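**Q** Spelled out from the first residue to the last, the chains are:
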Amino acid sequence: MKKLFLLLALLLPAQLSAQPEVYLETNNITANRGDTIEIWANFNNNNTQTRTIYFDFSYQRTAFSLVDVSFATAGADSSAIPTGTTTSLTNYNFPGYNWVQTTANTTTNGLTNYQNMQYAYTSGGPYTIRRLYGTVALPTNTNLGTGRFMKLKFEVQNTAHDFVYDSLYMNFAFANSNNAGWLATNNAVSTGYRSAFFTVTGGTADILVYGTLDLPSNVNIDLLQPRLKFFEKYNNVPDTLRHTETVGSNGIFSVTPTEVDADTDYRIYLSLGGASGDSIPSILNTAITVSDFTAAETEFSWQSLTTGAFVDTLFTKGVHYMAADVNDSRGFDPGDTGTLFAQVAGVETVEMTDTSQMILKSVFDTVSTAYWRVADSILDTQTGGPYGMDFHTDTTATDTLNLKYFIPGDVNLSYSSALAVNNPGSQAAPVLDNTFIDVNLNNLVVTSNSIEIPFEVNTGEQEISALQFEVLYDPSKLRFETMDLGVSSWVAFIDNQEGRVRFGAVDRAREFAMGGEFTPFSLKFVTINNPLDIVTQLHLSSNMDASSKSGHQIGITLNSNTIRLIGYNNYANSGS
Amino acid sequence: MQIPAHKIKFLAAALLILGCTLDPTDSFNVDTNTTFDLGEVPQSTRIVSVDIDALTKTTITLNMDVTIGAMYTIHLLHPLGGDPLAVTGFTATTQLVTVELDYSTISDGLYDIVLIDTQGNSTRIPILLER
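Residue numbers (the working numbering), protein chains in the order written: chain A, -17 to 558; chain L, 1230 to 1360.
A portion of the hints provided could be inaccurate.
If you want the footprint, here are the derived chain L segments under chain A, 3+ residues with CB under 8 Å [to be verified]:
1) 1272 to 1284
2) 1292 to 1305
3) 1311 to 1321
By construction, these hints were calculated from the structure, which means they are not laboratory data. In this text the structure is predicted, and so the values were computed from the model without any measurement. No residue lacks a Cβ here, since even glycine has one placed at the ideal position from N, Cα and C.
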């Protein structure tokens, strides 16, 4: 009899192809600070016997407080819930977590997105994940209808006047039915995928200085933490730090008269990486990767032997050279490429204080390859070292500052401001647009205390000359042992910290570029405890990079950023 | 009570020898000659349905569509991941397998049940334990 039920259960989903819909009623909400915002999650039953809907939302907990969750009134005209229904709600909050978008979890099907969910956790981070599990008990022979299902009420917090508000995101919602279990559920009706865009207004402070710092689209704002330091300038005495302004994730900043004085001279520097600069090495490890080195090495090797002039093939603008001049010699020389390789390999860290190089946007975009030494000299002389900005605040009106920056060593500007030029195709010259290689990672059943994890690469028609990754692991369960190099003619590097190993290899001889399918790396770990019982995961961080044979940066497509390691005993335990 | 000096020396020597011989990694060394039968290659890894016992509220009956002869593991996880709270393994003897899971020691809450095969493929369903 049990098998008959199972067979029926197996067949039923195939017979019932109806797909319910869960979607947000609106995607465009304008509110002021202190307001409450109501957002309806609507439901279209579509002939299913849905009894539960499971939601996952993410939002800025520092900006919005979820003050109430309620069901639509049973039997009301606009309600999907019929008269006589009783409801129950389970509500979980996960502060510090945020949803990580991948191709697999940004589909229109909420059930698919749930199956492929990924999260990032930042201790004390500004986002939160809210899981809501709404269940209904319906009168006999009744089902849910179409209309409003659940209401979320948020209160907009009274944040700083220039706080950058993000929206509410519905990462997934899917339905469970009486007869067919968890159902594929369309989340893209009406408002499109996962959207409830907020526009928050109501800032009342006077603005003395307003501007933008151009941030790269892929920036990790929690890591970069860009801040503008306003030093008040005096004659013959050291400058005094008057105000530190945090730049928002959209690059916008604004300074009020309570923060700096009108009609006063200031020197402004850009600081990165936290108040004490303690994440600077981490920023450099992310910003300076193998393709920065290969771009610099390639450009340098094409230098004319007779005139010493560079051909400007990869470095098309002066700012590329300024970023490549890591030893600050006001020239592009072997010392720079050597230092870049040492930084990539983890042998040596590029010398950098917590102040980066910041330039007016108009200068950043226009300095030519012929003029960069002069520009560098002028900027250094003006502000006495790392580039900053001398600036006199107006008496009454709002000043506007549009700024860009680069991190020394980030020669392809992948973690710096992008270049804006007339030809969009060459916006970031060292990057080969839309060129990707595939990297495949597989989960493993662990049967030995020595675990080998191959990184399988398929470059297609592309030949590559450098590759690097970073893997995070649980040091209480695993110890990193070594890396086998599958490209013996390349120079490998490994930087192993507790719980984190950064590794890669570069074709320094520029003669052994690799293409097609191959396994450049195999990581070897040993288990700390009994390997047959282990359950753990390795995560690939976003700190990865690849370079083409010509020195251009190219993209990497991962089949998964997680490798699951499960000991044999977890399969062999007897089940009933 | 005083411990005689020769006993202290003996204990110290014994501890020293132990410290030199016990390697926390090697102590779990698995014989590399041992072969582990991972069963058939899984072709199906699917949770068909889940039932919660109405009386205990903690006995879960999981019905799965799997591959005969293949090995699987079932993990109970917190909604956002982490280490499993309970693990159950089995080798499928039929295509439709029913496993009863006793989660009586697990506190009330919202969890995920994840079915994983030996190829690393997985599927998950949410479950609410509510006594």
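**Q** Against each hint, give a clear statement of whether it holds in the structure.
**A** We went through each hint and held it up to the structure:
Beta-carbon proximity to chain A at under 8 Å applies to 4 residues in the region 1272 to 1284 of chain L; the threshold of 3 is reached and the given coverage holds. By the rule of at least three residues with a Cβ nearer than 8 Å to a Cβ of chain A, the coverage given for the region 1292 to 1305 of chain L holds, with 7 such residues. Only residues whose beta carbon comes within less than 8 Å of a beta carbon in chain A count, and the region 1311 to 1321 of chain L has 7; three or more means the coverage holds.
This entry satisfies every hint, going by the numbered hints stated previously.
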